[in-house]
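S.K.: Top line first, the protein sequences correspond to chains A and B. Residue numbers are given in numbering that gives the first Met the number 0: position 96 of the first sequence equals residue 95, and the series is strictly consecutive. Residue numbers are given in numbering that gives the first Met the number 0: position 220 of the second sequence equals residue 219, and the series is strictly consecutive.
Mixed in with the good hints there might be a few duds.
To be verified - Simulated pairs of lysine-lysine, DSS-like, Cα-Cα distance not exceeding 25 Å: (1) Lys249/B with Lys126/A; (2) Lys325/A with Lys336/A; (3) Lys358/A with Lys126/A; (4) Lys123/B with Lys365/A; (5) Lys265/A with Lys249/B; (6) Lys280/A with Lys123/B.
Bear in mind the hints are in silico, worked out from the structure with no lab data behind them. Quick caveat, the model's predicted, so the values are computed rather than measured.
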Amino acid sequence: MADGSLSTEVPRAGAPVSAPPAFRRGPVAWVRANLFSTPANAAVTVLLLALLAYILPPTLNWLFFDAVWGRQPAAACDAVRGQGACWAVVWEKFRFMMFGVYPFDQQWRGGLVIAILCGLLVVSALKAFWRPALAGIWLVGIVVTFWLMGGGFGLQPVRTEQWGGLPVTLILAIFGIGFAFPLGILLALGRRSSLPIIRSVSVTYIAVVRGVPLITVLFMASVMFALLLPEGMRIDQLLRAQVAIILFVAAYLAEAVRGGLQAVPKGQYEAAEALGLPYWKMMAFVILPQALRISIPPIVNSFISLFKDTSLVVIIAIYDFAYAVKKSVETDISWKKYFIEAFLFSILVYWIFCYAMSKYSQWLEKDLARGHHR
Amino acid sequence: MSAAPQSTASRAAEGRPAIEIRGLNKWFGEFHVLKNIDLTVGRGERIVVCGPSGSGKSTLIRCINRLEQHQKGDIVVNGIALTDDLKNIDTIRSDVGMVFQHFNLFPHLTVLDNCTLAPIWVKKQSKAQAEATALKFLERVRIIEQAPKYPGQLSGGQQQRVAIARALCMNPSIMLFDEPTSALDPEMVKEVLDTMIDLAREGMTMLCVTHEMGFARAVADRVIFMDRGEIVEQNTPEAFFSNPQNDRSKQFLSQILDR
């Protein structure tokens, strides 16, 4: 400005072009505006900082700096007991935590299953795979998973009673999601159907299932169901738990999807009908893409609950990841006292999956919203 | 702007009127919304339906493609009776295009996909064929440059022209318009009306619920005035506007022409 090149643009001295005053910008301004804007705000800031200063150093020391890392004997942990965490327990018990009592020399199969199931989850999350072929990918994933876990066809057979750890949790959770999702959509459509029988069956089913705790459903599947079967007939315990979880979660998903269906304007149905689209095509191409986008938060909410609720299967003697972690330290007298570290590890694993799901859902919501808002 | 090939349904119905309505009655609960409607729409005829709000004019045209179900009387479209038979309903719907007051474009699909969805999944056209047709009609409604955009990125007038193109992509023999300009800002009404006038001049059978009297004068063969569920008066636009016969028509015209 001083060089005069803008002089014709700034005719009056009262309206100079200038940068905002320095104290309105930068980190100092941010701190002042957000942390010390009022006396009360300043007091809260100081109080919280003091609290953090009090809590954080010992916590970080225990978690990281004074902790025992890597493969070390229990004695190494005993030496720093109370000051540092004993992460050596995770190294020591890693195989048992991950695979439970699955035959030790066959545990590579469980590792492969974990990889396959995570792959299935990732593939299903990519929009490029949202086409009918995805059902085929799932079918292959299911067949390979049960072959690897159960054996046969060249692999040493392993009965489901011996399955355990993370593969069991992932099987229950991921196949639970994979089957409960379409079933939930069908129930939601059934609930809004104009055919009275379909509607009342759906309404009743949803009302009944949502009215009972998962633990009783699992118990029913395990105990009651066995009593109802004819003599000599047995259905695998894990399969029963899997079906129970699917049927249970589907009812919740149905309500989540119904909310989305109701939020799609009536005009969308009418436009699709006026073009001559029959019911299933209208739903598949016009209504559900919009309804499911609206329902993403409650749907993912249900998925996250399902993932964690799989740990309830322990009451019907299925040994999932949470149980394997517990057992891994409980059964060893020299490591037993480090159960907190073991549990923290299992929390971390659950958290990674659940956090990934919630991050994905946020991304998906944003991605699908692109374009169609004004 | 060559004439589109005649659709199967309309070929089969050669020589019959496009729409025949006899003794049509409909109730919403206790409310008698349509009373003994008789109406025959000839092939290529352009009809404007007007009347005060609540007179049943929208309900009448929505009965023609079964967005509303009538309880008494007959509707025959291109020689096909509109009954509970789902096959008949689907056949009629794919031969009758509809344009709504609020456009009702599919917001999750691009303009082009909006236009190709039904041709691909109802008429079993190939994607390439459906896209070629869609681009042709988008060009006709002068909006081809918006083809890759989403409806939410378009103005109201542009959206309504896309909605018209979407309906035309099904190659319908009849077009229904349900107050197509009522939700538009005033400066966008003309672009939509011009598109409709072009369509009328090409010989499309049209049934338009609208209060745009300029449009009625320009293209309508007949103006139908409805009030309280009845057709009160019908005449050529000239006769209807210059010399309405019925008191209710006179009152309605004085109200809308005074604006």
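S.K.: Could you run down the list of hints and mark each one as holding or not?
M.R.: Okay, the hints, checked on the actual structure:
1. Lys249/B with Lys126/A: 59 Å, violated
2. Lys325/A with Lys336/A: Judged against 25 Å, a Cα distance of about 12 Å means the pair holds.
3. Lys358/A with Lys126/A: Distance of about 16 Å is within 25 Å: holds.
4. Lys123/B with Lys365/A: The hint is violated at about 33 Å.
5. Lys265/A with Lys249/B: 35 Å, violated
6. Lys280/A with Lys123/B: Cα-Cα ~12 Å, so holds.
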